[in-house]
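Peer 1: Sequence:
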Amino acid sequence: MRAIKFCKKNLKVTESQIAKHIFQTNYSNLLNVYETDCFRRCLQCRVKPFCRIQLTTIEADDAKTLVDKVIQKINE
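Residues in the sequence shown are numbered from 8 upward in steps of one, following our numbering.
Since the hints were made in silico from the structure, they are not lab data. Among these hints, one or two may not hold up.
[Said to hold, decoys possible] Within a straight-line C-alpha distance of at most 20 Å, the following computed SDA-like cross-link-like pairs (lysine to any residue) qualify:
| id | residue 1 | residue 2 |
| --- | --- | --- |
| 1 | Lys15 | Lys55 |
| 2 | Lys16 | Val54 |
| 3 | Lys19 | Asn36 |
| 4 | Lys76 | Leu18 |
| 5 | Lys71 | Asn39 |
| 6 | Lys71 | Val54 |
| 7 | Lys12 | Ile25 |
| 8 | Lys55 | Met8 |
| 9 | Lys16 | Asn36 |
| 10 | Lys71 | Ser35 |
| 11 | Lys76 | Glu22 |
| 12 | Lys55 | Leu18 |
| 13 | Lys80 | Asn36 |
| 14 | Lys19 | Asp69 |
| 15 | Lys15 | Gln61 |
| 16 | Lys76 | Leu38 |
| 17 | Lys12 | Tyr41 |
| 18 | Lys55 | Gln24 |
[Claimed, not checked] For each label pair, taking beta carbons as the anchor points, the in silico distance ranges come out as:
| id | residue 1 | residue 2 | range |
| --- | --- | --- | --- |
| 19 | Met8 | Val54 | 26 to 34 Å |
| 20 | Asn82 | Lys19 | 25 to 33 Å |
| 21 | Glu83 | Lys19 | 27 to 35 Å |
| 22 | Ile81 | Ile25 | 14 to 22 Å |
| 23 | Thr72 | Leu37 | 12 to 20 Å |
| 24 | Asp75 | Lys12 | 13 to 21 Å |
| 25 | Val20 | Tyr41 | 17 to 25 Å |
| 26 | Lys12 | Asn36 | 14 to 22 Å |
| 27 | Lys19 | Thr64 | 16 to 24 Å |
| 28 | Thr32 | Thr72 | 12 to 20 Å |
| 29 | His28 | Met8 | 13 to 21 Å |
| 30 | Asn36 | Glu83 | 17 to 25 Å |
The beta carbon of each residue, even a glycine, is placed where N, CA and C say it ideally should be.
Using the sequences provided together with the hints, build the complete structure.
Peer 2: What follows is the structure, encoded as structure tokens:
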């Protein structure tokens with residue numbers, strides 16, 4: 008099972024919270040979802056939703072796109 012990490016600051020100000028909820032409810036058998044402190048991207052984390060999976064930062068314009076990109080990464 009893979010771990011997906013969300014920045015607490017980013018969750019508060021972007022649609023990342025929606026993506027996090029989708030992963031927790033629909034993909035809990037594939038992913039462990041975690042909230043972490045800032046990923047040292049403070050200037051960017053307030054702009055777009057993003058998360059990290061396997062040391063890869065994935066960023067998107069909205070929650071649905073973020074979910075799609077993470078699923079694509081998992082299927083690689």
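Peer 1: Next step is simple, just say for each hint if it's right about the structure.
Peer 2: So, going through the hints one by one against the coordinates:
1. Lys15 - Lys55: Roughly 13 Å between the alpha carbons, so the hint for Lys15 and Lys55 holds.
2. Lys16 - Val54: Holds, because 11 Å separates the two Cα atoms, which is no more than 20 Å.
3. Lys19 - Asn36: 25 Å, violated
4. Lys76 - Leu18: Within the cut-off at roughly 17 Å; holds.
5. Lys71 - Asn39: 18 Å, holds
6. Lys71 - Val54: Satisfied, since the Cα-Cα distance of roughly 16 Å is no more than 20 Å.
7. Lys12 - Ile25: Status holds; Cα separation ~14 Å.
8. Lys55 - Met8: 26 Å, violated
9. Lys16 - Asn36: Violated, at about 26 Å.
10. Lys71 - Ser35: Between Lys71 and Ser35 the Cα gap is close to 17 Å, so the pair holds against 20 Å.
11. Lys76 - Glu22: 14 Å, holds
12. Lys55 - Leu18: Roughly 10 Å separates the two Cα atoms, so the pair holds.
13. Lys80 - Asn36: 16 Å, holds
14. Lys19 - Asp69: 14 Å, holds
15. Lys15 - Gln61: With a Cα-Cα distance of about 18 Å, the restraint between Lys15 and Gln61 holds, given a limit of 20 Å.
16. Lys76 - Leu38: OK: Lys76 and Leu38 at ~14 Å, within 20 Å.
17. Lys12 - Tyr41: Holds - the C-alpha atoms of Tyr41 and Lys12 are around 5 Å apart, at most 20 Å.
18. Lys55 - Gln24: Distance of about 12 Å is within 20 Å: holds.
19. Met8 - Val54: 26 to 34 Å: 30 Å, holds
20. Asn82 - Lys19: 25 to 33 Å: 29 Å, holds
21. Glu83 - Lys19: 27 to 35 Å: Cβ of Glu83 to Cβ of Lys19: about 30 Å, so the range 27 to 35 Å holds.
22. Ile81 - Ile25: 14 to 22 Å: Roughly 18 Å apart at Cβ, these two residues keep to the hinted range, so it holds.
23. Thr72 - Leu37: 12 to 20 Å: Distance hint for Thr72, Leu37 holds at roughly 18 Å.
24. Asp75 - Lys12: 13 to 21 Å: 18 Å, holds
25. Val20 - Tyr41: 17 to 25 Å: The hinted range 17 to 25 Å holds for Val20 and Tyr41, with Cβ atoms some 18 Å apart.
26. Lys12 - Asn36: 14 to 22 Å: 18 Å, holds
27. Lys19 - Thr64: 16 to 24 Å: 18 Å, holds
28. Thr32 - Thr72: 12 to 20 Å: 18 Å, holds
29. His28 - Met8: 13 to 21 Å: 18 Å, holds
30. Asn36 - Glu83: 17 to 25 Å: 18 Å, holds
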